[in-house]
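Undergrad: In order, the protein sequence lines correspond to chains A and B.
Numbering-wise (the working numbering), the first sequence opens with residue 384 and increments by one.
Numbering-wise (the working numbering), the second sequence opens with residue 977 and increments by one.
Just so you know, the hints here were simulated from the structure itself, not pulled from any lab data.
A few of these clues could be false.
Unchecked claim - Examples of chain A residues lying across from chain B (beta carbon under 10 Å, computed):
no., residue
1, Arg-555
2, Gln-600
3, Gln-646
4, Val-795
5, Leu-859
6, Val-861
Positions of the beta carbon are idealized from the N, C-alpha and C atoms, including for glycine.
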Amino acid sequence: MANIGIDLGTTNSLVAVVMGQTPRVLLDDDGRSMTPSAVRYTGAKQADGSDAPPMIGWDALDNAVDHAETTLTSVKRFMGRSLDEARKVAEELHYTLAEGEGHDVVRIQAGDKVVTPVEVSAWILRLLYMRANECLMAEPTGVVITVPAYFDDAQRQATRDAGKLAGMNVLRLLNEPTAAALAYGLQENSQGTYAVFDLGGGTFDISVLELTEGVFQVLSTAGDTRLGGDDFDRELAKLILSKAGIENAKGSVLRAAMEAAEQAKRDLTAGEIAAISVELGGQSVQMQITRAEFNDLIRPIAERTLKSCKQALADAEMEPADMDGVVLVGGSTRVPLVREIVEEFFGQKPLSNLDPDKVVALGAALQADILTGSSELSDDLLLMDVVPLSLGVETMGGVVERLIWRSSPIPVTASETFTTQVDGQNAVDLHVLQGERELAKDNRSLARFKLKGIPDMPAGLPRVKVTFTVDADGILSVSATEQYTKTHAEIEVQPSYGLSDDEIENMLESAIDNAESDVDQRLLIEARVEAQQVLAVVDKSVKADVDLLGGNETQVISQVSDALREACESDDRKRIQELTTKLDEVTAPFAQRRIERDLKLALEGQDALQVLDVLDRTVKAAEDAAN
Amino acid sequence: MTQCWQCREPVQGPVCAGCGAIQPPPPHPDLFAILGMSPSFVIDRKAVDKAWRAASRKVHPDRFAGASAVQRRMALQWTAHLNRARKVIRDETQRAWYLATGSERPSEGANKQPDPAFLEEVFELNMLRAEDPEAAILRAGELQGTEQARLAALFAAQEKGGSLDAVPAILNRLNYLSTVISGGHE
């Protein structure tokens, strides 16, 4: 029995597990700890005509230059985002987004296939999960997945959905900085305030953590989900391309330039000068760049991190000098200029004795182990997170009324009472938002709810109490009750950017490898059980009321019943469901006649109890039909 | 003494000592009591945090990661109560309101109008603010100090049997004054 921790990164992902007392990152067959967060859809088919699984990780990146259009990287940037938001960043990327409405979930065109970021992430998670399965020689019990502390509700929900789609038991979403602090064992100091500076490939996070008597509390978080080491590469790639006189580079040319830039960036971490040599669209480019030149090039981007640092400190009501330590996370913190900027800002040398690429995964493994309840740390350590962005609802005039404030410890609940504007109004529209701006239109729309089933009352009288709950993962749920009648108002959830349960369900069905997965198995079993229940009822009533069957009804019913019995022997869930529905349909007139006769008999016998019983059944049957 | 819903043994506090099951939280718990504190207007914020951490350690959903969905739900509710208790108790205004009325702060619309004399004062402050903001803020700050002192005096007198009936009115005035200071923005 083991829980595992997964760092699902923008550029790279890792999986780790605690062995003995020590967290270890699990290596692939080639001894590598990092797996590129990349998926390539090859368009290949399997023998049965279905799509072959895509290539994942390093395999996906092999020949990426030749398959730029179908190699999907950095999809974390699109998790839980709308098409409108994604378009802003997509221009710089080398793949194309599928057409759709601005508020739609992002869908990426990968050759002939259209996929969502959640599906792509699920493939990456599956690969890591399988690696853990092989290393542990047992299926992991549960999984902790890390997310940037700055991720909003939709982004967290999308991450959870990816885990669900990959068939995992997601125990907890853990904020990356919290994981890093855990990996550094900062809890051993028992008391202190720490800044965690996390500059990854595509996201930047700064968090202020307070550790007191075994409780980790995130005091504040700030960051930029569109800032990372990729931006350094992009800046240098632009320079390389301009040297070659290429404008508006796309596809494989852009990728080649990016790869050359990334290599030069690595060379400049240890060295003072890097030589760049790259083929760009048949043109050979040779150039040199010094660290000083590179620093000048990336300084504006690197310094953007400080704006968020100041914000996080201000939210925590702290000064840079108040930090007892600064932890570096993310491969991009290897860039010397970044370290200089951090050291200068906080006035101290940052902690860097752990591999900045691995810290988060190691911390996730520790938390996963704590959640087993049997770890040494289980009894005295508690990771307490905060709401990254305020949550509120839109009120009259498009103004936001905040219900849960930024940096409140989670889980948290808040209630607000709403009423109606018109006599007899049965529904109220609610718009839930996340963000710090005063006007609804400037904040991020999370969901639109329709509170239905409000009883008929004069305007202003109904009191619908809506309760918002943010769970320990930072995910929001909403419930509502009308206070006078105590009716539980029905809520229709229309996630603005997330995926609805139906969409997840559809994806589960279309996932290629889940013929053997638990989910498919469960759905099949449910279909069989339902079919057998219907068959049993039909058999019984046909025997009891054979005289009510007219024409070829007996024949039709027995034909459909036999076909359903046969289908139940197979694994064809769709056919089982279709035939179950059909059997319901062909027996409907017969069922109606049976109820009518029962009622007539009961009335003739004047058995009041029996009449009530039959009426009851009739009402139920009518309700079932209405549903 | 209530019974544990799971093992039927007597149980005290949020977690059953016998079987380890978390108990259903009361819908409206006493915010001081769930932190293990006695109600008091004078508090030590550090002590509140300490009590909050100790209580959270017992009921946080992470403690019940392997338990049933029902228990995880209860753990979430308990922890949400604790987080609310900490928020209310740490904030002077919310704490005063809670101690005086037994309920958490009502929505803005429920506030009564302060007395006319005070309203006139606020009106003049707003006029002054337009001409000389610094002087207005200074004056509002003085008034704030007076009201805060009255508030503290009421709670001190309560220990000797004094009434807290005047608390909501003082809090209402403080609310007006802070609006003046922030320049009309909440």
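Undergrad: Of the numbered hints stated earlier in the document, which are not met by this structure?
TA: 3, 5, 6
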